[in-house]
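Asks: Take a look at the letters that make up each chain.
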Amino acid sequence: MSGFVVNAVLIFFLVLIAFLALRLHRLFAMVMLSGAFSLVAAALFVVLDAVDVAFTEAAVGAGISTVLALATLSLVPVEEKPHKVAIIPAFIALTTGVLLALAVTDLPKFGAADAPIHNYVAPDFISGSENDIGVPNVVTSVLASYRGYDTLGETVVIFTAAIAVLLIIGGWTRDRRRVSKQAEDDHAG
Amino acid sequence: MQDDPVMRVIAKVLIPSVMLFALYVQFHGDYGPGGGFQAGVIFAAAFILNATIFGLNRGRHAWPARANLLAICLGVLLYGGTGVATMLLGENFLNYNALSDDPIAGQHLGILLVELGVGITVAAVMVSLFFTFAGRLTHIRLMRKTDTAEPDTAQQEGLGNE
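Taken in order, these protein sequences are the chains called A and B. Per the working numbering, the first sequence starts with residue 7, numbered consecutively. Per the working numbering, the second sequence starts with residue 595, numbered consecutively.
DEER-style ranges, computed between Cβ atoms:
#1 B/Leu683 to A/Val162: 18 to 26 angstroms
#2 B/Asn686 to A/Ala121: 24 to 32 angstroms
#3 B/Glu685 to A/Gly9: 39 to 47 angstroms
Away from chain B, derived, C-beta distances all over 10 angstroms, residues of chain A:
#4 Phe19
#5 Phe34
#6 Leu50
#7 His89
#8 Ala121
Below, a sample of chain B positions facing chain A; criterion: calculated Cβ distance under 8 angstroms:
#9 Asp624
#10 Gly626
#11 Gln632
#12 Ile642
#13 Tyr673
#14 Tyr690
#15 Ile698
#16 His702
#17 Val712
#18 Thr715
#19 Val716
#20 Val719
#21 Leu723
#22 Phe724
#23 Thr726
Everything labelled a hint here was simulated from the structure, so no lab data went into it. Glycine residues also receive a C-beta, built at the ideal position from the N, C-alpha and C atoms.
When you get a sec, could you build the whole thing from the sequences and use the hints?
Replies: Below, the structure written as structure tokens:
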């Protein structure tokens with residue numbers, strides 16, 4: 007019962023924050039609300055016993071993403087541009103939402119032991135982790151050892167993202183040399 | 595925020611604790627929640643806090659761009675290198691059993707190395723993303739300045755949508 011109340015309160019706040027973010031036009035407030043959204047989502051993950059995911063969501067979603075969005079805000083106007091409601095995209099989004107909501111009824115019940123996800127490799131990982139890897143945290147043994155190749159891929163994705171950002175706006179171009187020369191001249195002058 | 599003594603004092607107390615906590619999350623990930631990704635983000639947060647409180651220039655001083663680029667590559671290389679090492683030792687790519695005579699000890703060593711690789715890359719990427727976005731305004735201003743100073747060599751493409 008208490009679990010139900012906690013879930014209900016958290017999901018209420020999640021929906022409330024999402025609607026507020028839709029209604030507002032000040033970008034600063036929207037960034038702050040997206041940070042709060044991530045924090046509530048992290049709390050939901052804790053309720054679901056997914057502490058590693060909650061940790062990541064709190065650190066990345068509520069922390070770093072907010073800071074990066076704030077850094078980007080210094081480059082753009084403070085208000086969102088006024089725009090008309092685009093009917094076709096709104097229709098597509100609503101239809102997709104309704105279809106997804108209908109699909110939810112076909113999913114196995116939350117926590118059901120006979121759900122497909124609990125009957126494939128997960129039992130092997132959970133029972134074998136102690137003997138194969140010897141690491142108490144099963145999440146770590148799956149992430150770094152059983153599925154080490156996937157995690158290598160994720161690391162390369164982050165690496166590629168950083169290289170792309172640095173190449174596009176990091177100033178690895180002729181302009182940077184011009185700018186740094188100018189900065190030196192200003193400094194000397 | 596550089597002139598606010600409250601902010602400065604709190605930042606000075608917080609930054610070392612945040613970094614220490616990041617190291618705890620990094621090396622304690624085998625036993626509790628956490629791991630390389632979370633640790634890298636928290637470690638980067640310490641440097642970002644430093645830069646927001648004490649200014650971008652002092653922040654850049656604490657984390658030089660050249661070392662940053664090296665760290666981004668080093669993490670991925672450490673991860674991939676662990677995989678190559680296990681292959682050279684006669685096992686499959688990223689099968690850490692090969693790293694030691696005792697498979698469990700090998701797994702521990704392998705997980706430590708790849709998590710360290712993830713942590714280094716993530717921390718360096720997060721800091722460099724922040725510095726790139728936050729430093730963009732100064733960059734644009736300087737570009738405009740040089741553009742008016744040297745109209746012949748000015749390149750307008752980059753500033754088209756400002």
